[in-house]
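Taken in order, these protein sequences are the chains called E, V, U and D.
Under full-length UniProt numbering, the first residue of the first sequence carries the number 1, and numbering increases by one thereafter.
Under full-length UniProt numbering, the first residue of the second sequence carries the number 1, and numbering increases by one thereafter.
Under full-length UniProt numbering, the first residue of the third sequence carries the number 1, and numbering increases by one thereafter.
Under full-length UniProt numbering, the first residue of the fourth sequence carries the number 1, and numbering increases by one thereafter.
Worth flagging that the hints you see were computed from the coordinates, not collected in a lab.
Quick caveat, the model's predicted, so the values are computed rather than measured.
Careful, some of the hints might be misleading.
Identical copies look the same in the list; a pair holds intra-copy or inter-copy alike.
Unchecked claim - 30 Å max Cα-Cα, derived DSSO-like pairs, lysine-lysine:
no.	residue 1	residue 2
1	Lys347	Lys19
2	Lys274	Lys294
3	Lys294	Lys311
4	Lys374	Lys218
5	Lys311	Lys175
6	Lys311	Lys274
Protein chains: 4
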Amino acid sequence: MSRDVANRRLRAGIVGGGKGSFIGAVHRVAAELDGQAEIIAGAMSTDPQRAEESARSWFLQRSYASYQEMAEQEARRPDGIDFVIIATPNHMHFPVARAFLEQGIHVVSDKPMSLSLEEAREEVALVERSNVIFALTHNYTGYPAVRQARYLVQQGEIGEVRKVIVEYIQDWLMKAEEETGNKQASWRTDPKRSGIAGSVGDIGTHGENLLEFVTGLKIASLSADLTSFVKGRQLDDDANMLLRLENGAKGLLTCSQIAAGEENALSIRVYGTKAGLEWHQMEPNTLLFKQAGKPVQVLRTNQGYMSDESKAASRTPAGHPEGFYEAFANIYKMAIADIRRVESGEKPQGGYPTVYDGLRGMLFITKAVESSQKNAAWVEMKDE
Amino acid sequence: MSRDVANRRLRAGIVGGGKGSFIGAVHRVAAELDGQAEIIAGAMSTDPQRAEESARSWFLQRSYASYQEMAEQEARRPDGIDFVIIATPNHMHFPVARAFLEQGIHVVSDKPMSLSLEEAREEVALVERSNVIFALTHNYTGYPAVRQARYLVQQGEIGEVRKVIVEYIQDWLMKAEEETGNKQASWRTDPKRSGIAGSVGDIGTHGENLLEFVTGLKIASLSADLTSFVKGRQLDDDANMLLRLENGAKGLLTCSQIAAGEENALSIRVYGTKAGLEWHQMEPNTLLFKQAGKPVQVLRTNQGYMSDESKAASRTPAGHPEGFYEAFANIYKMAIADIRRVESGEKPQGGYPTVYDGLRGMLFITKAVESSQKNAAWVEMKDE
Amino acid sequence: MSRDVANRRLRAGIVGGGKGSFIGAVHRVAAELDGQAEIIAGAMSTDPQRAEESARSWFLQRSYASYQEMAEQEARRPDGIDFVIIATPNHMHFPVARAFLEQGIHVVSDKPMSLSLEEAREEVALVERSNVIFALTHNYTGYPAVRQARYLVQQGEIGEVRKVIVEYIQDWLMKAEEETGNKQASWRTDPKRSGIAGSVGDIGTHGENLLEFVTGLKIASLSADLTSFVKGRQLDDDANMLLRLENGAKGLLTCSQIAAGEENALSIRVYGTKAGLEWHQMEPNTLLFKQAGKPVQVLRTNQGYMSDESKAASRTPAGHPEGFYEAFANIYKMAIADIRRVESGEKPQGGYPTVYDGLRGMLFITKAVESSQKNAAWVEMKDE
Amino acid sequence: MSRDVANRRLRAGIVGGGKGSFIGAVHRVAAELDGQAEIIAGAMSTDPQRAEESARSWFLQRSYASYQEMAEQEARRPDGIDFVIIATPNHMHFPVARAFLEQGIHVVSDKPMSLSLEEAREEVALVERSNVIFALTHNYTGYPAVRQARYLVQQGEIGEVRKVIVEYIQDWLMKAEEETGNKQASWRTDPKRSGIAGSVGDIGTHGENLLEFVTGLKIASLSADLTSFVKGRQLDDDANMLLRLENGAKGLLTCSQIAAGEENALSIRVYGTKAGLEWHQMEPNTLLFKQAGKPVQVLRTNQGYMSDESKAASRTPAGHPEGFYEAFANIYKMAIADIRRVESGEKPQGGYPTVYDGLRGMLFITKAVESSQKNAAWVEMKDE
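Given these sequences and hints, build the entire structure.
Below, the structure written as structure tokens:
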């Protein structure tokens, strides 16, 4: 492929994300926020009427009945889409990605990357064989403060990492929402559409990705205790894990969707031989930097003292809060820049989560479930 | 005017906001965030090259050398803009607004509304004579938690208001930034472009508007002590005020651009005969509700217990932080909805700051400066 | 006087503070906390039975029917008290102090120092003529973080002070508690026992003292707007003030006892040409240090980096919270050390609020009321 | 024993706690804070000179060279001590307790209760055979907000407990302090004086005790991963644990003394089927109550809505912060009240941690170490 993308917004298509979806609108806002792309086509639902209505409410130029049709037709059009956004339940992530990858259309996919580890491996191979940009929306790494946290670790400011505590706790599934017609709840608790894990796949993987992103270290092994607290639920809605990182650091990771009164409490704390770091998604513009024996420093996004990379992820002056959309948009910003580069014959520069992060995520899910089935025995987190 | 706006994004033009402007990009993101409008034309700078470059970087379809030209030509085109965004320094707010108002083009203008109280009065008259939507971006009232605060006051949940404390303090002008080539600082400290007030006009008016919005009460009189702490600065960079509200409540309002270490610390606290309210712009998704003798309640945006109006101003589930852009976009969302209504022959419904808020703001500036010149004597805040 | 105090706890007597008093028990705990003094005698109530019962419940060795009797008898005893604690309503502060001062007995008195400015002047004269230690329990200056704040100002770390914001807001008098038999409320709202001011005397003076303590600057003039919100109340329950400090800095001071939902929210913020400081009494072990352009530093009591003076005011390792009692005890600790010094023929070293702070407090009350009576006209805060 | 304790402060002796000790002074302040007891005798150090100097600096009436001598002599005196305070390193807790228990003297002991599980069992037997009060200073359960947390659980306000997260993290041993002559560090890292665990015994047991106190549930089994991060250190300085409670709830417990930048960060979060609770020791006067679907409530100590038990543990009005000493003093307050009861022939009422809590603590240490030695295998936490 080689499109002329120089003097225009990129054209995007979306699969899924129709009415009733939370994440569809998030992708739209995030993809378009920097004025670098516009969604013009969609296969927004498997239900034709919903697909049509959804497309119309977004003023899309073209609405398709199926993603396959969209992939084929858009690939042929001179004004076809430059990239596709995958905003479906988990089980469709891989088939949809494959359809567009095979047409040479760039992909921005929701996570987890696939339904199974096998699919994930196949997806890696597909992307490696292609010349397309593949970005996975582990959106929380898009926050400027998270970028700064990684930067401080990279600069050696916290010394050698010893201890990591990652939490991602919510309460929205503390009752059997899946039995009340809640679409979001219903696919997430259904193994056929969600995969072998519930909370571990839905939010635990964000924690795992955040941990490996910030520390630059791989989880070497884990001991996981998964629970389904809500009666009749087939997948886990809570998990507690002990972690051992590749450098000998130790850690805890917990995810839960039954933690009463918690909204979307993702946080990470990293402690090294020199200093500690603390970040909370719900107050995302602040990063605590805790040097031993010195006053804790409250680092704030887009202040002059932040790293260039962190500042590049900020759009407003310090004190003008940026949030979930803006972080999500940062993943798009970097992916779109890479699509422009690739289409102009330049080398992509990355910065966003890739197919390899997707593979780690599927490995994490697989190993966590395996460990829990063995009564929380230690399981190595590597792909044999 | 009567355009068919039913099945498309609205078309917007922008005056000002070219390269180097902070607020230009804010307007673009905010105007487009909900997928209901697209900026397609601009007169983005009085410097022709900067205008052209700015327009190109935004992929605008049409770039004009002057706002007058843009007003005339766009009014004539069948595919002309539906509304104009005014993102210039203060002294241009009124002339630009007048040019577009006279062409029957809807206006979204930055604040303060004009350079002088006289202009503000004229602007009110112009809007009243026209059939256009005029929205003023007192963006902080766009926050869902601020909407909830107003709702609780309206519902009588805090009883009769007795005491109000409003702060808007920053530090970015604590040194003579205007002498270092900082464009933002240079026009804001220049009476010709900024008007008779510095911090009082730039941020104090946001405080005044927020106070009257949330309490539903007018400031009856004020006693203001304005200071220019930075040597050589012509306009105030700090102000402390005593307030008396129309119902007998008392208050404090302080604004400052020399408060070392403060970013964009706008906050409001309201105390009534039954309960108190507290909101901080830098943690915007939280509203504290303090009923006497009961536990303080931490109200969080988009939770089920929030008012319909507040929820309508939220886009993400609770715990997924929304920030400055999203609040700004709420002003646009409401204004755009009204533009659609007016163009379809329906009655506008409001909800966003109007030309009357603009008049109050200019009155506030005028009276605060007058009081300070009289050694903080009490001055009534009404337009004789 | 010259007692041998070397190898024993000091002996204290208390006037007031009997059953039903809040502050009596505070004085007992604070005076005894460091094991350097013991309360052994008291004239704890004007009601003989309550006096007796109160003394017994504290296991006091001697209970007196009147403070005059106590002053005379204790002065004569070889094992008489070394100092007296005054924990009565305001109107008794001065007469009781005088009685003990005249016997050469050291005094620790509650604030405000007297009922009127005249009494305060007389008290200053009395103390100056005597050789006794006089300490006034402006206890909030006893907090280690407040000491650190003063230290940073003294070291020039914040530069020249420009702006000060002091708040002391509560809600416990938001209803007519004085009509419900609440003893605390009843004397505080009674001009005969409380003096010419309500909230201004009770808590506003703490704010004034804290401001002058931390900044090392005197308030030059003030413009005060006092209000009695609760019907039938004779004294103010709310006040808003503009301040001008002797160096040209500007400020705000507000005190309120009708701020619904507020407990005991005393705070101070100081902004200079280099940095800002922020401290909240309700989270007393933290001091925010806000250097322009650098990360905010969270200073924590008893960390190694704190000043010697601040560390001397801490008793527990960082992270083991100290509170109201411990700060109060710091006033006693310094006063007791000075009593030991004076009794050993050494020079007192101070550090605690003195009779001169008491005079400033009475001046503040007097001038605030005067300003408010003149519709918040500027009044100089100096003793002509 | 049957002493007349009615009209006097109780007389206490102390073993350990001499100069250089942190906890000695804490016990003194806590024991004496409510004016119900006075320390008059001590065997404050095994070094005779330090013992003597320490006693003198506290103005003690009697100083002993050994605890055995003190136990024997005080038991014989008509004015002997009523209870003994044990403030030694761990290895002396049991022998000292035994010496005084055998003399029928009441005991307030530091934790962990003993050096080994065997000693703990023997101590239980000793106390059961005696008629003395035995209190263990798991001081963190003395906080009013912790009492409220337990109360809410007991009242069913959070429903059935599902998930618990307990943390106790510090940084003071992140370097080899034991090699720098730091006495506190040196005994705590020495198996002979500290026992088989380091951080798990020193602070992990506080976490365990807090968890069982608040939830009213026993830990059924645990999987523990203990680490000694500092080179050459024999005992753990960090631990991560998975927990399973007796009712099927799951949990995490982590303790660390190498968490850079953390002071004394003990916290507990409990999530039930109806609501959650959150408490942080470093902001101890606040308890968050998180009912699903309702605003989070900020419960504050000594507000009218708190439970009677919680209010009984508060001494100051809401907003006047109480801290570490006051919580510690609550353990003493309850224990002293029980000593008075027992001496008056009444039944003790408890409320403070007992010898059975001490046994649980030793069991926790023993099982955590056992689990870790088995590579974090699940180990039941029961005494076979």
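From the Cα coordinates, with 30 Å as the cut-off, is the pair Lys294 and Lys311 best called within, between, both, or neither?
-> Answer is both; intra-copy 25 Å and inter-copy 15 Å each pass.
Intra- versus inter-subunit Cα pairing at 30 Å for Lys311 with Lys274 | both (24 Å within a copy, 24 Å between copies)
Have a look at Lys374 and Lys218 and pick one of within, between, both or neither, based on CA distance no larger than 30 Å.
-> both (22 Å within a copy, 24 Å between copies)
Copy assignment of Lys311 with Lys175, given that the CA separation must stay at most 30 Å | So Lys311 and Lys175 pass the 30 Å test across copies only (22 Å; inside, 41 Å).
Should Lys347 paired with Lys19 be assigned to within, between, both, or neither, using CA atoms and 30 Å as the limit?
-> between (37 Å within a copy, 28 Å between copies)
Indicate which option fits the pair Lys274, Lys294 if close means a Cα-Cα distance not exceeding 30 Å: within, between, both or neither.
-> Both. Shortest intra-copy (11 Å) and inter-copy (20 Å) distances satisfy the 30 Å Cα cut-off.
This entry satisfies every hint, going by the numbered hints stated previously.
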